[in-house]
Amino acid sequence: MSLLITRRPEKRSLPSSPKLSRWTALANPYIFEITRADHAVLTVAILPAYHPTFPTISTNGAPGNIMQYVAAGDNIYLKSAMYDGIYLVHSVLGSFITINTPYIGVGGSGRINLIDKITNFKVYTEIYNATSEVLIDTIYGKPDNTGLLMCDVSGAIRSTVKTKAVVAQPVINRANKGISGGFHIAYGATYTIETNAGVVSQGSIARVPSIDTKARIRYYWAAAALQVDGFVFLGISGAIGGNGQNMNEYVPKNLDNKYAKFLTMFERPTYFEGFPFFLSFIYDEDFKNIYLERHQQDTDINGASVGAVTVTTLLNSEINFVNQMNIRAVNGGAAGLDVWLETGAVITGGGLVTVGGIADGFASRFAAPYVAVSG
Amino acid sequence: MRVTEIKGIDYVDCTPENPMQLFWLNPLAGFDTWVFSRRQEFTLSTSDKDIFEPIINYLQLANGIQTPLGKEAFMSIKLGYEGLNRQQVIGISYLFTSQLVYVMQGINQVVVSVREGSYKLYDTGESKHKIEFEIVLPRLYTVSL
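Line order of the protein sequences matches chains X and Y. First residue of the first sequence: 494, per the working numbering; consecutive thereafter. First residue of the second sequence: 687, per the working numbering; consecutive thereafter.
Hints are computed from structural coordinates only; laboratory data are not their basis. Possibly wrong hints are sitting among the right ones.
Unchecked claim - Here are a few chain X residues that face chain Y, going by a calculated C-beta distance under 8 angstroms:
no., residue
1, Tyr743
2, Tyr764
3, Tyr784
4, Val815
Claimed, not checked - Sample of chain X residues facing chain Y (criterion: CB under 7 angstroms; computed from the structure):
no., residue
5, Tyr543
6, Leu641
7, Arg667
8, Ala668
9, Ile672
10, Leu756
None of the values given here were measured: they were computed from a predicted structure. Using N, Cα and C, we set each Cβ at its ideal position, and we do this for glycine too.
From just these sequences and the hints, can you work out the full model?
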């Protein structure tokens with residue numbers, strides 16, 4: 494019996510890249526698809542030794558177990574190529590189950606769920622703050638007859654949002670930990686199981702780390718709200734590109750040809766001299782071993798460059814959150830400016846910040862607060 | 687290696703008249719800002735919480751009939767900006783749907799709300815646009831008797 498996350502809230506940063514964006518807008522569903530599989534299916538085919546016309550399922554279950562928990566007349570859920578539904582068991586022999594349905598072709602690998610004999614199947618999903626490892630909440634859900642559970646963690650995480658802005662910031666960039674954050678999940682299940690002889694007992698699937706170490710990967714949220722595909726009237730690109738609620742478009746990665754957007758609704762924001770101004774961006778975990786630099790170029794009224802590009806290293810201690818980034822004062826005679834981020838020096842010295850403009854109070858911080866969590 | 691878009695930013699180097707800067711949380715979890723200027727209308731809205739009317743037995747001993755038990759008071763400010771291009775109107779429009787709007791008062795930030803309503807954003811037949819709305823400041827504490 495297994496319980497696996499079969500779809501994760503993540504998107505490829507670029508179509509051909511193995512890197513993933515794990516940032517999701519919190520006002521939208523934050524879905525993990527979890528699938529229950531009681532036994533794996535090897536094949537579904539006509540096996541004359543078991544039945545001449547009905548298809549027979551070859552399972553990976555121990556013959557003793559299959560014979561103990563599946564009997565003629567039971568309903569089971571079968572997922573194997575064109576066989577996808579609830580079927581009546583015709584007979585059971587060893588690890589082979591013949592179902593009472595017309596043969597429609599050879600089915601490949603898949604799964605069966607013993608929906609009559611394994612009942613009260615409840616999945617619990619624990620959500621942990623990725624920084625403090627504190628349990629935020631536990632969500633309970635019940636897979637449907639196909640074994641699928643859509644686990645939406647957004648509601649639980651929303652309770653941790655502390656929306657605030659500190660507009661006057663003395664450092665070049667600062668994490669806004671009230672409107673963004675990270676978490677990881679763990680999950681398991683409990684159920685009631687009944688033998689063909691009517692003996693009922695309680696069973697459980699152990700908490701996930703022993704099953705699926707990938708579940709300990711960090712996921713990130715931002716207090717954002719993306720729109721449905723094609724909603725472009727107010728300049729929101731919405732889910733264009735099939736990203737759905739994933740913020741892939743706004744997540745920088747240490748990748749060629751991946752140019753993330755800043756978190757502003759202005760195509761061209763306006764900086765009023767003498768008033769606070771900053772740009773927001775996602776400081777992704779992909780930069781834990783390399784510095785990010787703010788590049789700034791003053792421009793004239795025609796957009797032509799004025800003066801030299803200035804480069805300032807960002808504080809790596811603020812990684813894994815939405816950041817607010819100051820811009821430097823604009824030189825006289827300029828009518829605008831261009832700002833972008835580039836990768837800088839590789840972080841060395843065991844993760845300590847060794848280069849870059851470090852503000853007072855930040856010098857002793859670790860450059861990479863990212864905690865790799867083992868399964 | 688560049689990892690973000692190149693963001694062009696307009697720069698206004700003259701200090702506007704009667705500046706009032708707003709910051710708001712936009713739908714991307716970032717903060718946007720605009721400095722509104724020139725003309726602002728300040729309005730004070732008040733209402734009575736309830737009225738107490740004592741029994742009066744002798745008119746010659748009374749000096750009134752109804753007494754308010756308390757006052758509700760809100761200050762609101764009507765703001766606007768003219769000569770905006772379309773992308774500026776679109777950027778500012780997310781102020782109307784934001785749950786978190788700040789007015790900058792020196793180094794302090796005051797949380798305000800934008801009065802609900804319908805807002806004309808832009809007309810495709812015009813090259814420049816104007817926008818007008820009202821913000822409601824924190825409720826004023828009043829003395830209750």
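Checked hints:
no., hint, result
1, Tyr743, "6 angstroms, holds"
2, Tyr764, "5 angstroms, holds"
3, Tyr784, "11 angstroms, violated"
4, Val815, "5 angstroms, holds"
5, Tyr543, "58 angstroms, violated"
6, Leu641, "30 angstroms, violated"
7, Arg667, "12 angstroms, violated"
8, Ala668, "12 angstroms, violated"
9, Ile672, "5 angstroms, holds"
10, Leu756, "3 angstroms, holds"
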